[in-house]
Amino acid sequence: MSSRADILARVKTNKPKLLNIPNIALDVFEDGRDLLKEFTVKVETAGGQVFETQSKDLVVGEVQKLFPEAKVNFSTLENTEDFNTINLEAIKTPHDLEDLDVLIVESNVGVAENGAIWLNDALLPMRILPFITKHLVVILKKDDLVTFMHQAYQKLNGEDTGFGVFLSGPSKTADIEQSLVIGAHGALSLSVFLV
Amino acid sequence: MSHSKAATIFNKDEKKVNWHDKALWFVRHKRDKSVHSVEGWENLRNLGQGIKAHMLSNLDNYLIQFEEKALKNGVQVHWAKDGDEHNKIVHSILKEHNAKKVVKSKSMLTEECHLNPFLEADGIEVIDTDLGERIVQLAKEPPSHIVLPAIHKTKEEVDELFQEHLGTKPCGGDPQYLTGEARKHLREKFVNADAAITGVNFAIADTGGFVVCTNEGNADMGAHLAPVHIACMGIEKIIPKQEHLGVFLRLLGRSATGQHITTYSSHFRKPREGAKMHIVIVDNGRTEQLSRPDFRASLQCIRCGACMNTCPIYRRSGGHSYDATIPGPIGSILSPGKDLKKHSSLPFASTLCGSCSDVCPVKIDIHAQLYKWRQIITKEMKQPFVKKVSMEMMGKMFAKPSQFEKVGMVARWSLRNLPKSVINSKPNVWGRERDLPKGPKESFDEWYKNRKKNE
Amino acid sequence: MKIGLFIPCYINQLYPQVGKATLELLEKLDVEVVYPLGQTCCGQPMANSGYERESLGACNNFVEKFKGFDYIVTPSGSCAYHVKKHFDIIPQTAEVIKLRKNVYELCDFILNVLKVKNVGARFPHKIGIHKSCHGLRGLRLGSCSEKVTEEYSYIGELLKEVSGAEIIELSRQDECCGFGGTFAVTEEAISVKMGKDRIQDHLDNGAEVITATDTSCLMHLEGLVTRNNQPLKILHIAEILNSVN
Numbered sequence: 001m002s003s004r005a006d007i008l009a010r011v012k013t014n015k016p017k018l019l020n021i022p023n024i025a026l027d028v029f030e031d032g033r034d035l036l037k038e039f040t041v042k043v044e045t046a047g048g049q050v051f052e053t054q055s056k057d058l059v060v061g062e063v064q065k066l067f068p069e070a071k072v073n074f075s076t077l078e079n080t081e082d083f084n085t086i087n088l089e090a091i092k093t094p095h096d097l098e099d100l101d102v103l104i105v106e107s108n109v110g111v112a113e114n115g116a117i118w119l120n121d122a123l124l125p126m127r128i129l130p131f132i133t134k135h136l137v138v139i140l141k142k143d144d145l146v147t148f149m150h151q152a153y154q155k156l157n158g159e160d161t162g163f164g165v166f167l168s169g170p171s172k173t174a175d176i177e178q179s180l181v182i183g184a185h186g187a188l189s190l191s192v193f194l195v
Numbered sequence: 196m197s198h199s200k201a202a203t204i205f206n207k208d209e210k211k212v213n214w215h216d217k218a219l220w221f222v223r224h225k226r227d228k229s230v231h232s233v234e235g236w237e238n239l240r241n242l243g244q245g246i247k248a249h250m251l252s253n254l255d256n257y258l259i260q261f262e263e264k265a266l267k268n269g270v271q272v273h274w275a276k277d278g279d280e281h282n283k284i285v286h287s288i289l290k291e292h293n294a295k296k297v298v299k300s301k302s303m304l305t306e307e308c309h310l311n312p313f314l315e316a317d318g319i320e321v322i323d324t325d326l327g328e329r330i331v332q333l334a335k336e337p338p339s340h341i342v343l344p345a346i347h348k349t350k351e352e353v354d355e356l357f358q359e360h361l362g363t364k365p366c367g368g369d370p371q372y373l374t375g376e377a378r379k380h381l382r383e384k385f386v387n388a389d390a391a392i393t394g395v396n397f398a399i400a401d402t403g404g405f406v407v408c409t410n411e412g413n414a415d416m417g418a419h420l421a422p423v424h425i426a427c428m429g430i431e432k433i434i435p436k437q438e439h440l441g442v443f444l445r446l447l448g449r450s451a452t453g454q455h456i457t458t459y460s461s462h463f464r465k466p467r468e469g470a471k472m473h474i475v476i477v478d479n480g481r482t483e484q485l486s487r488p489d490f491r492a493s494l495q496c497i498r499c500g501a502c503m504n505t506c507p508i509y510r511r512s513g514g515h516s517y518d519a520t521i522p523g524p525i526g527s528i529l530s531p532g533k534d535l536k537k538h539s540s541l542p543f544a545s546t547l548c549g550s551c552s553d554v555c556p557v558k559i560d561i562h563a564q565l566y567k568w569r570q571i572i573t574k575e576m577k578q579p580f581v582k583k584v585s586m587e588m589m590g591k592m593f594a595k596p597s598q599f600e601k602v603g604m605v606a607r608w609s610l611r612n613l614p615k616s617v618i619n620s621k622p623n624v625w626g627r628e629r630d631l632p633k634g635p636k637e638s639f640d641e642w643y644k645n646r647k648k649n650e
Numbered sequence: 651m652k653i654g655l656f657i658p659c660y661i662n663q664l665y666p667q668v669g670k671a672t673l674e675l676l677e678k679l680d681v682e683v684v685y686p687l688g689q690t691c692c693g694q695p696m697a698n699s700g701y702e703r704e705s706l707g708a709c710n711n712f713v714e715k716f717k718g719f720d721y722i723v724t725p726s727g728s729c730a731y732h733v734k735k736h737f738d739i740i741p742q743t744a745e746v747i748k749l750r751k752n753v754y755e756l757c758d759f760i761l762n763v764l765k766v767k768n769v770g771a772r773f774p775h776k777i778g779i780h781k782s783c784h785g786l787r788g789l790r791l792g793s794c795s796e797k798v799t800e801e802y803s804y805i806g807e808l809l810k811e812v813s814g815a816e817i818i819e820l821s822r823q824d825e826c827c828g829f830g831g832t833f834a835v836t837e838e839a840i841s842v843k844m845g846k847d848r849i850q851d852h853l854d855n856g857a858e859v860i861t862a863t864d865t866s867c868l869m870h871l872e873g874l875v876t877r878n879n880q881p882l883k884i885l886h887i888a889e890i891l892n893s894v895n
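Protein chains in written order, with the working numbering: chain A, 1 to 195; chain B, 196 to 650; chain C, 651 to 895.
Since the hints were derived computationally from the structure, they do not count as laboratory data. Glycine included, every Cβ here is placed at the ideal spot set by N, Cα and C. Check the hints yourself; a few may be wrong.
[As the list claims (entries may be wrong)] Just a sample of chain C residues kept apart from chain B, beta carbon distances all over 10 Å, derived:
#, residue
1, K767
2, V769
3, V859
4, P881
[To be verified] Think about it this way: if two alpha-carbon atoms lie no more than 30 Å apart in a straight line, the pair counts; the simulated BS3-like pairs of lysine-lysine are:
#, chain 1, residue 1, chain 2, residue 2
5, C, K776, B, K217
6, C, K734, C, K670
7, A, K12, B, K533
8, B, K644, C, K678
9, B, K644, C, K670
10, A, K12, B, K290
11, C, K715, B, K582
12, A, K37, B, K225
13, B, K601, C, K734
14, B, K595, C, K846
15, A, K17, B, K567
16, A, K155, B, K264
17, B, K295, A, K134
18, C, K776, C, K883
19, B, K582, C, K734
20, B, K379, A, K134
21, A, K12, B, K574
22, A, K92, B, K384
23, A, K15, B, K537
24, B, K633, B, K644
25, A, K12, B, K601
26, A, K15, B, K536
27, B, K335, B, K276
28, B, K200, C, K846
Whole structure, please, built from the sequences with the hints as guidance.
If you want it as structure tokens, here you go:
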């Protein structure tokens with residue numbers, strides 16, 4: 001018997017009687033907190049920064065002020081050729097992105113309860129981008145904020161993406177004596193611009 | 196070595212015990228702060244428990260559904276009965292791609308299967324990329340905690356280890372500097388890797404996708420750079436629907452470290468263009484555990500490590516004292532199912548205080564299972580003669596009130612009249628560091644009878 | 651209302667003063683208490699050591715002595731919990747079912763059955779409450795720090811009404827003391843360390859007295875306090891609630 005058949009047969013024999021699947025009712029979680037305030041606090045708790053801005057078009061200018069030293073930049077926004085120092089078409093392997101200083105991308109879901117932001121294949125020309133960049137900037141519409149993860153998944157339902165990530169703050173570790181250090185393997189900083 | 200022996204050795208250095216206890220209590224404290232801010236936390240735990248219990252009751256169908264969807268997504272799916280088969284499958288995938296350099300993010304399953312030595316024996320370099328795991332890998336030690344693998348190491352020890360292996364400068368254990376150096380060292384490994392191995396936190400039956408959670412971004416750095424991604428999962432990692440992630444991702448990070456969610460919750464569904472993705476589904480004793488009604492709930496575990504952080508014994512004995520892939524309370528109910536003889540001391544490494552069960556995000560009745568394993572172990576494993584006989588004697592004594600009275604009288608007399616040197620002589624382990632009560636002249640029984648007489 | 655008083659084996663033999671205080675306290679509260687002679691033990695020492703099968707005689711003797719009472723009250727959360735949780739190893743007759751339902755830890759009984767909060771005690775001291783685990787997480791005699799529930803504590807509610815009593819706050823409000831039955835001996839190093847750490851927490855926060863719903867925890871703590879000459883008095887909650895000066 002193949003291992004597949006063997007494992008499935010053993011599960012079938014050994015599993016308990018079918019139990020009902022619980023229904024997720026959301027009303028018990030309602031805490032009446034302010035979406036925007038909560039999201040901001042949670043991004044900051046996770047080590048990121050939140051900025052409010054009037055328009056998407058202003059973000060590049062603000063980012064240039066935030067990272068004046070940056071040499072290698074890329075943005076997925078339209079009309080940012082002046083900002084972009086690399087051409088993704090010319091990039092053969094993801095490894096060539098190793099020197100990327102600043103990346104600007106857009107997100108379509110933000111979660112207030114934990115400051116998580118959704119990025120997926122449709123929003124990322126290459127999956128490695130938000131991880132390999134030194135500084136990550138994400139633009140999010142205030143209207144795309146939801147309270148809990150439950151609503152976030154309701155929004156993602158039916159989205160057929162090959163890869164997606166909920167990202168909360170810059171990369172971090174506390175593996176040396178529980179001392180929090182920002183900047184492990186992924187981005188060293190996260191800035192969220194709310195439009 | 197039994198847990199108590201290993202714990203005794205660990206306790207020879209009381210300062211280190213205090214340090215270890217405080218480090219983990221700090222994590223438990225952060226967990227408390229974060230879960231107490233969640234409205235409906237206990238409802239969330241109920242949901243986590245309910246979904247997992249349902250999953251186990253329909254696991255074969257969900258596995259089939261998961262495989263079907265994963266195949267449609269262009270992912271190759273493999274099945275392994277045990278650790279050995281798992282290792283061979285991973286090895287053959289690596290061979291097929293001529294992969295010599297592998298980066299691996301945290302996966303307790305690959306620890307359980309001893310994948311690293313298996314691959315290393317064939318000259319394949321396997322680098323653990325989680326910082327804590329890299330630390331213990333350099334130290335040639337197993338992880339002592341499933342979420343904080345190097346929690347037993349002081350920063351000074353890490354400093355020395357990095358000086359020796361990574362050529363860092365002495366820094367007095369500066370975590371910022373050491374982490375920075377590890378980032379550089381591992382960045383080089385990521386960029387040059389031929390293949391990436393990750394674990395799986397959740398595998399979703401209705402999409403064929405799987406989720407990997409890290410704080411460091413090491414799973415993503417590996418998987419998105421290397422041409423091959425191999426994800427290894429136990430059969431119990433399945434959840435029915437993507438929307439159930441809403442429950443589990445709310446529970447996991449908070450329970451593990453007090454974070455409201457881990458930094459990266461990466462949802463893999465299809466390989467990126469030009470790359471390959473493999474999933475290895477492993478049994479290795481899980482179906483057997485599923486067959487045990489008293490213990491199958493242990494398969495609900497989402498590996499948050501909260502039971503370790505809260506356990507007063509774990510905090511004071513260190514993860515290595517359990518001599519098992521998964522240490523602490525959850526390990527003590529999983530491990531006996533795999534090797535009862537080797538792990539027979541673990542269910543006794545508990546006061547049955549129940550803190551583990553109350554902290555568990557999926558409500559596994561850990562302490563009740565410890566109690567049940569004890570009943571099995573005393574039947575199936577040879578017990579110390581003294582323990583066996585004393586239990587039988589106690590059983591008989593408590594069944595017969597007259598005998599209980601006589602024994603009690605002798606015991607009280609001895610405690611009252613024998614010199615302390617005799618009472619606290621070697622066979623009395625209690626007396627090494629603790630006094631026994633002074634035996635009262637009258638038991639409550641006798642006092643009550645006298646009072647009745649005088650009424 | 652007919653109440654059977656259950657005095658656990660080690661209290662009977664080693665801490666009769668706790669039994670006396672319990673009985674006197676209940677009598678003060680004007681309830682009819684009977685202490686059935688010939689009682690021994692709930693069976694827990696064997697069962698928790700993995701020898702549940704050796705505890706059958708103890709269970710049967712317990713049922714024999716306590717059937718027929720409306721309530722069974724005991725100054726031990728741990729023993730009450732054992733009867734409730736683990737008496738499933740004997741046939742579940744109507745008697746056994748009733749008995750398991752009606753066994754109460756002392757504070758729980760006073761507060762929730764007798765509905766008395768102020769027992770008229772006076773005890774002018776700084777008191778640290780050790781929340782014994784089986785009472786806390788088994789019988790739910792109070793909220794525990796792991797769960798997100800409303801805060802409550804039966805022992806705390808009764809102590810609050812004791813004249814002169816001052817309850818101190820602990821750094822770790824409900825960590826185990828490390829007694830754990832035979833654990834105290836088989837895992838001696840950890841058991842002792844846990845006990846020492848608990849005592850230090852009480853000392854650091856200014857306790858003069860440590861109290862609890864379980865004498866087993868207290869015996870372990872007292873053993874350490876006595877050996878190490880520490881300035882703490884160890885008293886069962888019944889002794890405090892029965893105290894008038």
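These are the hints, each one checked on the structure:
1. The claim that K767(C) lies off the interface holds: its Cβ sits roughly 27 Å from the closest Cβ of chain B, which is beyond the 10 Å cut-off.
2. No Cβ of chain B comes within 10 Å of the Cβ of V769(C); the nearest lies about 20 Å off, and the non-interface call holds.
3. At roughly 17 Å, the least C-beta separation between V859(C) and chain B is larger than 10 Å, which holds for a residue marked as non-interface.
4. Against the 10 Å criterion, P881(C) stays outside the reach of chain B, whose nearest CB is about 16 Å from its own CB.
5. At roughly 26 Å between alpha-carbon atoms, K776(C) and K217(B) fall within 30 Å of each other, so this suggested pair holds.
6. For a cut-off of 30 Å, the pair hint linking K734(C) to K670(C) stands: about 24 Å separates their Cα positions.
7. With a CA separation close to 20 Å, the supplied pair K12(A) and K533(B) stays within the 30 Å bound.
8. Between the alpha carbons of K644(B) and K678(C) the distance comes to roughly 20 Å, so the proposed pair stays at or under 30 Å and holds.
9. Straight-line distance between C-alpha atoms of K644(B) and K670(C) comes to about 12 Å, which keeps the hinted pair within the 30 Å bound.
10. The hinted pair formed by K12(A) and K290(B) fails the criterion: a straight-line CA distance of about 34 Å is larger than 30 Å.
11. A threshold of 30 Å between alpha carbons decides the hint, and for K715(C) with K582(B) the separation of about 28 Å falls inside it, so the pair holds.
12. Taken as a hint, the K37(A) and K225(B) pair is honoured in the structure, with Cα atoms around 22 Å apart against an allowance of 30 Å.
13. In summary, the hint linking K601(B) to K734(C) is supported, as the alpha carbons are separated by about 28 Å, within the 30 Å threshold.
14. Distance hint between K595(B) and K846(C) is unfulfilled; the C-alpha atoms sit about 36 Å from each other, more than 30 Å.
15. For a cut-off of 30 Å, the pair hint linking K17(A) to K567(B) stands: about 22 Å separates their Cα positions.
16. In summary, the hint linking K155(A) to K264(B) is supported, as the alpha carbons are separated by about 21 Å, within the 30 Å threshold.
17. A threshold of 30 Å between alpha carbons decides the hint, and for K295(B) with K134(A) the separation of about 28 Å falls inside it, so the pair holds.
18. For the hint pairing K776(C) with K883(C), the CA-to-CA distance comes to about 10 Å; that is within 30 Å, so the pair holds.
19. A distance of roughly 26 Å separates the Cα atoms of K582(B) and K734(C); the hinted pair therefore holds under the 30 Å criterion.
20. Simply put, K379(B) and K134(A) have alpha-carbon atoms about 13 Å apart, close enough for the 30 Å limit, and the pair holds.
21. Restraint check for K12(A) and K574(B): satisfied, since their Cα atoms lie roughly 29 Å apart, inside the 30 Å limit.
22. Restraint check: the Cα-Cα separation between K92(A) and K384(B) comes to about 19 Å, which is no more than 30 Å; the hinted pair holds.
23. Pair hint K15(A) plus K537(B) holds up; C-alpha atoms about 26 Å apart against a cutoff of 30 Å.
24. Restraint check for K633(B) and K644(B): the C-alpha separation of about 22 Å stays at or below 30 Å, so the hint holds.
25. Of the supplied pair hints, the one linking K12(A) and K601(B) is violated, its CA atoms being roughly 56 Å apart against a limit of 30 Å.
26. A threshold of 30 Å between alpha carbons decides the hint, and for K15(A) with K536(B) the separation of about 25 Å falls inside it, so the pair holds.
27. Among the hinted pairs, K335(B) with K276(B) is consistent with the structure: their alpha-carbon atoms are about 28 Å apart, no more than 30 Å.
28. Between K200(B) and K846(C) the CA atoms are separated by roughly 19 Å; this keeps the pair inside 30 Å, and the hint holds.
Hint check: violations occur at hints 10, 14, 25; the rest are consistent with the structure.
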